[in-house]
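Please work from the sequences and hints to get the whole structure.
Protein chains: 2
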Amino acid sequence: MNSIVNVIERTFEEQANGTLVSPPRFRLETERGDMVFTAGAATAFEKVIGFRVYDTYANDLDGHQQLVCVFDSDTGVFKGIVIGNLLGAVRTGAIGGVAIKAMARTDSKYIAVIGTGIQARAQLEAAVAVRNIKHVRVFSRNHENREAFAAEMEKKLDIEVVAVDSPKSCVQGADIVICATNSGTPVFDAEWLEPGVHINTVGPKSVKRHEVPMELGARSSVIVTDSIEQLKAYPTPHFLVGTPDEERIIQLSDVVTGKTLGRKGQDDITLFCSVGLAGTEVVVANEMMKEALC
Amino acid sequence: MNSIVNVIERTFEEQANGTLVSPPRFRLETERGDMVFTAGAATAFEKVIGFRVYDTYANDLDGHQQLVCVFDSDTGVFKGIVIGNLLGAVRTGAIGGVAIKAMARTDSKYIAVIGTGIQARAQLEAAVAVRNIKHVRVFSRNHENREAFAAEMEKKLDIEVVAVDSPKSCVQGADIVICATNSGTPVFDAEWLEPGVHINTVGPKSVKRHEVPMELGARSSVIVTDSIEQLKAYPTPHFLVGTPDEERIIQLSDVVTGKTLGRKGQDDITLFCSVGLAGTEVVVANEMMKEALC
Numbered sequence: 000m001n002s003i004v005n006v007i008e009r010t011f012e013e014q015a016n017g018t019l020v021s022p023p024r025f026r027l028e029t030e031r032g033d034m035v036f037t038a039g040a041a042t043a044f045e046k047v048i049g050f051r052v053y054d055t056y057a058n059d060l061d062g063h064q065q066l067v068c069v070f071d072s073d074t075g076v077f078k079g080i081v082i083g084n085l086l087g088a089v090r091t092g093a094i095g096g097v098a099i100k101a102m103a104r105t106d107s108k109y110i111a112v113i114g115t116g117i118q119a120r121a122q123l124e125a126a127v128a129v130r131n132i133k134h135v136r137v138f139s140r141n142h143e144n145r146e147a148f149a150a151e152m153e154k155k156l157d158i159e160v161v162a163v164d165s166p167k168s169c170v171q172g173a174d175i176v177i178c179a180t181n182s183g184t185p186v187f188d189a190e191w192l193e194p195g196v197h198i199n200t201v202g203p204k205s206v207k208r209h210e211v212p213m214e215l216g217a218r219s220s221v222i223v224t225d226s227i228e229q230l231k232a233y234p235t236p237h238f239l240v241g242t243p244d245e246e247r248i249i250q251l252s253d254v255v256t257g258k259t260l261g262r263k264g265q266d267d268i269t270l271f272c273s274v275g276l277a278g279t280e281v282v283v284a285n286e287m288m289k290e291a292l293c
Numbered sequence: 000m001n002s003i004v005n006v007i008e009r010t011f012e013e014q015a016n017g018t019l020v021s022p023p024r025f026r027l028e029t030e031r032g033d034m035v036f037t038a039g040a041a042t043a044f045e046k047v048i049g050f051r052v053y054d055t056y057a058n059d060l061d062g063h064q065q066l067v068c069v070f071d072s073d074t075g076v077f078k079g080i081v082i083g084n085l086l087g088a089v090r091t092g093a094i095g096g097v098a099i100k101a102m103a104r105t106d107s108k109y110i111a112v113i114g115t116g117i118q119a120r121a122q123l124e125a126a127v128a129v130r131n132i133k134h135v136r137v138f139s140r141n142h143e144n145r146e147a148f149a150a151e152m153e154k155k156l157d158i159e160v161v162a163v164d165s166p167k168s169c170v171q172g173a174d175i176v177i178c179a180t181n182s183g184t185p186v187f188d189a190e191w192l193e194p195g196v197h198i199n200t201v202g203p204k205s206v207k208r209h210e211v212p213m214e215l216g217a218r219s220s221v222i223v224t225d226s227i228e229q230l231k232a233y234p235t236p237h238f239l240v241g242t243p244d245e246e247r248i249i250q251l252s253d254v255v256t257g258k259t260l261g262r263k264g265q266d267d268i269t270l271f272c273s274v275g276l277a278g279t280e281v282v283v284a285n286e287m288m289k290e291a292l293c
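In order, the protein sequences belong to chains A and B. Counting with numbering that gives the first Met the number 0, you get residues 0 to 293 for the letters of the first sequence. Counting with numbering that gives the first Met the number 0, you get residues 0 to 293 for the letters of the second sequence.
Where chains are identical, the list cannot tell them apart; a pair therefore holds if satisfied intra-copy or between any two copies.
List of simulated lysine-lysine pairs, DSBU-like, C-alpha gap at most 35 angstroms: (1) Lys263 <-> Lys46; (2) Lys154 <-> Lys108; (3) Lys78 <-> Lys289; (4) Lys231 <-> Lys258; (5) Lys78 <-> Lys46; (6) Lys155 <-> Lys78; (7) Lys167 <-> Lys155.
Hints are computed from structural coordinates only; laboratory data are not their basis. In this text the structure is predicted, and so the values were computed from the model without any measurement.
Here it is in structure tokens:
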């Protein structure tokens with residue numbers, strides 16, 4: 000995860016410098032389901048071009064796969080394919096790690112995680128890669144899931160991970176809150192947050208379905224996303240679109256390159272809204288292939 | 000090739016019935032080169048959805064690859080990938096075979112082939128799959144290429160294949176002419192053609208660069224293509240676009256399904272302009288995978 004956070008950080012530099020190409024999604028539509036393509040190229044540092052493709056079929060049969068195909072952006076030569084659904088979460092996790100590195104207080108020690116799925120795991124792993132974390136609390140409505148998450152991640156990360164039985168006891172006192180659920184209603188109350196906390200929201204964030212409270216926008220002194228273009232292009236609007244806070248949303252690439260601050264003061268609340276910048280999948284797949292070849 | 004010609008024929012039935020989905024190409028563009036996606040689905044008989052992707056980088060390094068990825072169009076489940084440049088030629092060959100089956104005289108015995116590349120080989124193989132061919136002549140400007148083609152294809156097809164030293168001696172007397180070159184100027188004279196001949200043109204066919212004579216349109220009583228939409232969308236216009244013959248171009252799917260005739264009389268000259276109907280690559284890849292699993 001460390002090396003992937005680093006290449007994603009460089010990819011945001013490419014975005015700021017104009018060498019990241021990420022056109023809008025392309026869809027092949029049929030009555031039963033679609034294939035969706037997110038293509039992209041990072042031509043300066045990573046020198047990759049390629050795409051991710053996944054299906055929108057509404058069934059849970061085994062055998063659904065995401066493919067990420069990677070080519071050399073200097074030559075067009077084929078480099079390889081990563082097949083499977085793990086890469087997407089690793090990618091989103093690494094973007095979350097870059098956001099935490101750029102926005103969370105450098106002395107952050109306690110992380111609250113709400114959600115126990117593959118995205119929550121990847122976010123936590125990336126957070127630990129960029130901050131000196133001492134303690135993690137995790138909440139999920141499902142008792143078994145949160146206990147399993149705590150046991151597994153404590154072992155994996157070699158950090159104390161405690162499952163707690165309410166979102167309030169999870170969030171209170173946290174330096175960083177990772178929200179990675181499928182919830183359409185807020186999973187915590189903005190009043191529970193401490194000054195100086197940073198929040199990553201990975202789950203639903205439309206005006207109709209959002210896992211974080213609406214008022215979090217107004218409470219946050221800095222609001223960042225990985226792609227304003229993608230955030231504004233959601234089929235149902237983002238929960239901040241149309242609010243006074245919309246104008247304050249800045250791009251993670253501008254924070255990474257030092258053009259704007261990710262945090263103004265130690266007591267600020269800062270918010271990162273993850274949308275999954277297109278093109279980053281190809282960079283992650285390339286990095287995974289490099290490591291697999293070592 | 001027999002089974003691939005058959006599934007391509009069924010795919011043209013799907014096109015006629017409206018169950019073939021083939022949106023316009025999608026391109027990911029960078030300064031050095033593009034990735035081009037031709038996506039498609041055949042949802043009634045073949046039940047496949049997927050895409051081909053290839054690059055436009057202007058270099059001849061090893062390692063350029065076309066990928067064709069296949070999913071089940073009922074469920075979205077991933078079926079597999081075919082990697083390599085052979086599939087495209089097999090696909091175009093099979094489309095040529097369907098055209099010959101639908102348009103050439105049923106008693107066709109002699110085939111003339113101009114061009115000795117991978118496309119010429121695949122066209123000939125498909126032609127032999129649909130007509131009882133007794134004799135083949137081949138011409139290329141390169142002596143070694145035409146001799147190698149003749150020796151190789153005679154062995155592969157178990158039919159007499161003779162290399163000849165002029166295009167005229169190749170084309171004269173032929174029942175079927177396969178033109179599969181990279182030539183930008185006509186490689187034969189329309190005057191050399193016999194009544195009743197059928198021509199497949201696979202190579203350049205724009206108004207600026209065309210391997211067949213311009214007057215071939217007017218000489219042909221039936222003109223067919225695999226996709227009128229694609230034929231009209233060429234960046235430089237097709238050599239028949241803007242001529243009085245343009246209105247007479249019909250779609251191979253309409254011939255395959257019996258809606259229109261591919262040949263009106265035994266002495267007609269008939270012309271098939273191959274453009275490579277998008278979506279057919281996925282059907283061919285699926286068929287190849289079925290056979291590989293046998």
